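> As a plain string of letters, each chain reads:
There are 2 protein chains.
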Amino acid sequence: MANPTAAMLVIGDEILSGRTRDSNMNYLAKELTRVGIDLCEARVVSDDRKAIIKAVKALSAAYDSVFTSGGIGPTHDDITAECIAEAFDTPIGIRDDARALLEAHYARTGAELNDARLRMARIPDGATLIDNPVSTAPGFTIQNVHVMAGVPAVFEAMVSSVLPTLTGGQPLLSQTLRIERGEGEIAGPLAQLAADFADLSIGSYPFQSNGIYGAHIVIRGHDGAQVDAAMTRLSEMFA
Amino acid sequence: MANPTAAMLVIGDEILSGRTRDSNMNYLAKELTRVGIDLCEARVVSDDRKAIIKAVKALSAAYDSVFTSGGIGPTHDDITAECIAEAFDTPIGIRDDARALLEAHYARTGAELNDARLRMARIPDGATLIDNPVSTAPGFTIQNVHVMAGVPAVFEAMVSSVLPTLTGGQPLLSQTLRIERGEGEIAGPLAQLAADFADLSIGSYPFQSNGIYGAHIVIRGHDGAQVDAAMTRLSEMFA
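These protein sequence lines map, in sequence, to chains A and B.
Under our numbering, think of the first position of the first sequence as 185, with each following residue one higher.
Under our numbering, think of the first position of the second sequence as 185, with each following residue one higher.
Simulated from the structure, these hints should not be mistaken for laboratory data.
Treat the numbers as computed from the prediction; the structure is a model and nothing was measured.
Some hints here could point you the wrong way.
[As the list claims (entries may be wrong)] Derived pair list, reagent style DSBU-like, types lysine-lysine, alpha-carbon separation capped at 30 Å:
{"no.": "1", "chain 1": "B", "residue 1": "Lys214", "chain 2": "B", "residue 2": "Lys238"}
{"no.": "2", "chain 1": "B", "residue 1": "Lys214", "chain 2": "A", "residue 2": "Lys238"}
{"no.": "3", "chain 1": "B", "residue 1": "Lys234", "chain 2": "A", "residue 2": "Lys241"}
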């Protein structure tokens, strides 16, 4: 059976202007690979209502689950929650359980739960909260979309809260061989190997370092015995 | 006048499996910001014909220019060139000028220009070549799509070849203030500032390091005097 599919939506001007380097995509990709969910697509959009709504609708319709990062903080440029509500044509308002979490948190820290902070308790109707053990303000899941923070430590904690609730598939197994020859030299036999093992994904990733040209050949698949067999053939080809 | 718009399409299973961390998006974002082209969206898709073709069509139609990275090497998993040709309904074949570049290169290095390497001379009809000073095999531009390699050194060199051919806009200017207060505390006045300077983009990017909570406030815009004025106000607010 095919694995469940997923997409990621990264929301934030700071990624598209180059100010910030996104690291959440790589983190999520590794975590999903581990539990057997295939990350099929990722998109980055700016803090723009129309762009966010359009992307959420498209990805939610196309994949089994969608993970978003960014735009759920207390400031004016955090518009993700209301865009998600609009994408699903659902009302959004301050919810008691989310407010209670924030009240307890700010009571502990001594800071004031002002209007800006209360925005973080606005949850679309019908959503379930995602636990945030790092800084309390919750994410949420509505239908097949998991809405999480952009700050990497918080994003990662939220992913850990969400993953156990999802049904995974067969973990993707992979083995890598480093070959110190140009890709053009190994491409022919490699294509034959790929054709012989059509159920596997065989990728070639060239590198150049210290004057050495070569490629990492990565063999990926769900059947460990097949991956082993292909790797054995590959090793023999370029021994 | 609004700046030209752009999108990026990153092609490769290795990014979506988490094996490789993409760095080309951040590089391109910074370069485009510098020349006044607004990077509005980025997508990552796997080495899948349908996914590549669909994304190229969508992005080419929606933005002034599109930059792709990955999938133009000599191995069987490099399918970008033929997908681009199909997206534009254009024939693709080995082109004499591209072949001549490769012949000269492999004559110098002493390696054989075999069938696999010749694949890198396959260029869709009507495209113009993008110079590759790092490893010779060219990229190409067809209509508003610039097709480039995924290896960062080559990608960056190709971007340098392409950028001078594009019409830029007003460079996006930005100034940043580091504020060591929680976002929830500064959000109210910040929203007022954003409302007062509606032509500027004002973003708040929270950080936590060594027990200090705060935010970098980034003010971006095309009018330097406005950015200065907003930054002066911001500094006074949180002095």
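> So which of those numbered hints doesn't the model satisfy?
Hint check: nothing fails, all pass.
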